[in-house]
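These protein sequence lines map, in sequence, to chains A and B.
Quick note: to get the numbering used here, add 263 to the position in the first sequence (first position is 1).
Quick note: to get the numbering used here, add 251 to the position in the second sequence (first position is 1).
Hint data in this document are derived by calculation from the structure and do not stem from the laboratory.
Treat the numbers as computed from the prediction; the structure is a model and nothing was measured.
Every clue listed holds true.
Here are the simulated lysine to aspartate or glutamate pairs, EDC-like style, with alpha carbons at most 16 Å apart:
#1 A:LYS332 <-> A:ASP284
#2 B:LYS268 <-> A:GLU444
#3 A:LYS340 <-> A:GLU291
#4 B:LYS268 <-> A:GLU503
#5 B:LYS268 <-> A:ASP442
#6 B:LYS268 <-> A:GLU504
#7 B:LYS342 <-> B:ASP379
Okay, the calculated beta carbon distance ranges per label pair:
#8 B:LYS335 <-> A:LEU463: 51 to 61 Å
#9 B:GLN404 <-> A:GLU504: 30 to 40 Å
#10 B:GLU460 <-> A:GLU444: 19 to 29 Å
#11 A:ALA281 <-> B:ARG364: 45 to 55 Å
Just so you know, even glycine gets a beta-carbon here, dropped at the ideal spot from N, CA and C.
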Amino acid sequence: MITIALAQIDTRLGEVQANLDKHLARVEAARLEGADLVIFPELSLTGYQLQDLTPTVARHASPGDDVFKPLLAASRKLDILLGFVESDDRHRFFNSAAYLSQGEFVHVHRKVYLPTYGMFDEGRYFAWGDQIRAFDTRFGRFGSLICEDFWHASPPYLLWLDGADVLLFMSASPGRGLDSEPALESARWVEHVTQAYASLFTSFVGNVGRVGFEDGLGFWGGSTMFDPHGDLIVRAPYHEESLTLAELDLEQLPRARARLPLLRDERTALVYRELTRILGADPTKDPREET
Amino acid sequence: MKKPESSLEINPDLARKILTGFIRSETTRTGYPRAVVGLSGGVDSALACLLAAESLGGANVLAVRMPYTSSSPDSLEHAALVIKQSGVQEKTISIGPAVDALLVEIPAQDRIRRGNVMARTRMTVLYDQSAAFGGLVIGTGNKTEILLGYTTQFGDAAAAINPLGDLYKTQLRQLARAMDVPQVILDKAPTADLWVGQTDEGELGFTYEEVDRLLYLLVDRRRSPEACVKAGFERRFVERVVELIRKNHFKRVMPPIAKLSNRTVGYDFLYLRDWGS
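Given only the sequences and the hints, what does the whole structure look like? Please build it.
Now the structure itself:
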């Protein structure tokens, strides 16, 4: 049994120190609630629509970084998954998620799908991540994805094949699609796909969204955790900050997979063969990836 | 159950929650947790006033009535109902003397120029009250009038923030009903009240209900004008609305700056207004 705190927060745009203070306060609150892991939304240390602020809020994912130092220290008490702008040594900026535990970086995921259409403009400011890897934690093997990453079916699928039993998503989803329903269309869309992954992959799937406003865009929150049967464990309120606890009974995994042995029966060699055929002789060639 | 594609029905509770959150956030973060609303006696400004009062508390909202000599006396009375209901502070400032001084140069039959002078004089009064009261001017323009350009640039269109600009008039009315805007305001014909007998629908030549259904298809559903004709809208009506949207776009954007340097405001100097807050 693990307890995960979904830290659904508002952020201050471009004010890393203020956001860091809020992170540390939420981590402490989660610890007092008995959480083993606390998850923050996408770009939780910086705010979302950074535009030209992107370079100025970027940090290196290194133990010596002044922003990460107190977070790494806090991660000795409980694990932390948070969002930040990552700079690499060559000054490329990524929309990244860091998993911290026992004072160390366990994993950094760089967003691989940067939405650049409609109201989104991430491809203008960020470099594209090019790895999807599950990682081992003290609770089991996890995977993390950021917002648009999980609108493509392949990243959750790859994490599943890479051994992740708990998929942790982080979002900064601007609310849109007001109609007669009690939740926005954007909220319903995200819940549909998140729940679908839990069912299809017989895995735990959590999503932590943010709240608050950036100019006219309002973020709807509504963080969720689904169990390996696709049933809802918990949903945070819409449009309000909250710290919501989800209890994950990992013993559900063997029961769900006995009932529905999708993982056992997944024909990866067939997928590989067909992908090779579809993509041609050199399936690794992607014009967007660096050489 | 799939809703019909042209449904303009909204959940008013959800809209209310988001819009009060928006007003609270976007005023408070500037350091001015107060608001100023020009109250005309119509449904749009009544709703804006009620939303602002719910967001910030009545004591932190100043409603300003700005009658001209030709304004309908009903406008003042209807605005008074909203002031009472919302518990906001209020001021009544006649724009008569200021407008009359400017109208000396404008022929009586040029109603558009005269109306624009009134709208822009009200803007001047509101922004002055904004400074005096320490509150942001709350815009009252709705999505229908913004798209059609049925608004005076730098006049009624001027505001610090606009909570209503993504609600079509028919949607706005649903929210206004849910927030108990007085029935007499809901029932009367929408008017800019810039000259005696003016009504929005009379001046535009179509009803809000008709044009909102069309705008929803064109804008929200990204349907082509041709598809809207096929869906049953009269071709001339569709063409006129498409043209109104296009030719009034200048009212919806900041004035273009001629680019000379390597970094220019609006093109490659890009920050949200909420930068740092």
